[in-house]
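Sequence order for the protein chains is E and Y. When you line the first sequence up against the working numbering, it's residues 1 to 249, in that order. When you line the second sequence up against the working numbering, it's residues 1001 to 1227, in that order.
Hint data in this document are derived by calculation from the structure and do not stem from the laboratory. If you're wondering where the values come from, they're calculated on a predicted model, not measured in any experiment. Some hints here could point you the wrong way.
[Unchecked claim] If you want a taste of the chain E side facing chain Y, the calculated C-beta under 10 Å gives, among others:
1) G77
2) E162
3) K219
4) A233
5) R236
6) M238
Every residue, glycine too, gets a C-beta built ideally from N, C-alpha and C.
Residue strings, one per chain:
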Amino acid sequence: MPANTVRLRIKRQAGPQAPPVWEEFEIPYRPHMNVIVALRDIAENPVTRDGRPTSTIAYEANCLEEVCGACAMVINGRARQACTALVDRLEQPISLEPLHRFPMIRDLQVDRSKLFNDLRRVKAWVPIDGTYALGSGPRQSPQDQEQAYPLSRCISCGNCLEVCPQYNTRTDYVGAAVINQVRLFNLHPTGKMHRAARLDALTGPGGIQECGYAENCVKACPKDIPLTDSIAAVNRQMVGHLWGKALGR
Amino acid sequence: MSTTATTPVPSGTFARHSYFWRRLHSLTGIVPLGAFLVEHFASNGAVLSRTPVESYGNTVKFLNSLPYVLVLEILLIWAPLAFHGIYGLWIAREATPNNRRYGWLGNWGYLFQRITGAIVLVFIVWHVWTARFAGVSLPDHPFLSYSKMAAQMLNPWILAWFLVGITLVSYHFSYGLYLFAAKWGITVSPGARRNWGWICLIIGLGFTYAGIASALAFRGIHIYPMR
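Please work from the sequences and hints to get the whole structure.
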């Protein structure tokens, strides 16, 4: 293989029901290129390595700086963001697969709606809507800020869900990202006001009890969020919350 | 995000109240099952005596002399065992392991907990059947306990099966202790989990050693000094 080209193997699927096929590509190397650049170059000239014209590859990408979460895929067997997957550091041929745990749309594009629906289910926000101005909220202590910041870095990419052996249609589990958001917003001085509702939502079907504590999530998180700490911390909140509900606070 | 996919929410009693059942499953593994395991391994230590027939027989006699012994057996052993075992299989059925792709330690622990659980369930059902129900009734003849067990252990295949069962139940229990602490929000920090993990490892090795010492003592092999 000449050093000035990049080889990729891409798992393609024309639609949710279509059978998966692997296609191989060889494209010119560019210094410091990442997987998204490679995919863009293939899109400019969608011809396989053996010279056969093919359809353009569907994939999602947006910010290109690991903030939006859109370009999560399985690269060389590992779930990660394509934008920070630098070709120089990857073994070739680089294999690209879509995330397995989400419904397939086409090629590398999957439907991550479940993640966003689950964030809605647990009210992962600070309630500020009202009929009049509520004024400024209570202050957050520096200690709480320090704890909240790492939790707030979540980009909803879904890597933690992809690697989770409990995240599937049998359990309907919400997954580490969503539980981490519950911890984050329960820590917020105004967000605290929805604490009980969030914890109740997490005891429903697919709630925090479905966690099998394989601890894969924290290993796969591109933003180094202490996800297993968050699950344990919310478990602790849950024990107190349910104790209070059963026997009085 | 083109579609608003509506994922089917699992229904049925177990799914709707799964928080309760999952936490009950976690709790029964520690109390009463784990507590019984401590008692069981300690009682079996009677075989380490220089007069094992009497010591072992006296232990069985004492346990069977406890008031309400049948109620205790049903409420503290058989019912939680049946629930923990059967619901555990149900939980294992929901798993979609990915160890070949992600060979992290915790991921192997997750898989082994399910595999050992299934094997241990088979072992315990067999053990309860052969020791408690089949053959001579030990509650009626406590001093035949030693010879009944020794007869089993004389068969090398059965001895090997015991060693496997003892090792796996020790593993399953000690890793269960580790998981329990995380699932009940006791070990929140990574340092706490790491330290607790070491303690659980020591507990697991201790159980394995004690169990194997008792099993081998039936063959006259003493890896622990006789009392």
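Taking the hints in turn, this is what the structure says about them:
1. The criterion of a C-beta within 10 Å of any C-beta in chain Y is met by E/G77, whose closest approach is roughly 6 Å, and the hint holds.
2. Satisfaction of the interface hint for E/E162 is found here, the shortest Cβ-Cβ separation to chain Y being roughly 9 Å, below the 10 Å cut-off.
3. With 10 Å as the threshold, the beta carbon of E/K219 comes within range of chain Y, its nearest partner Cβ sitting at about 5 Å, so the hint holds.
4. Annotation: interface hint on E/A233 holds; nearest CB of chain Y at approximately 5 Å, less than 10 Å.
5. A hinted interface residue such as E/R236 counts as satisfied when its beta carbon comes closer than 10 Å to some beta carbon of chain Y; here the least separation is about 3 Å, so the hint holds.
6. Checking E/M238 against chain Y: minimum C-beta separation of about 7 Å stays under 10 Å; hint holds.
Violated hints for the displayed structure: none, as all numbered hints are satisfied.
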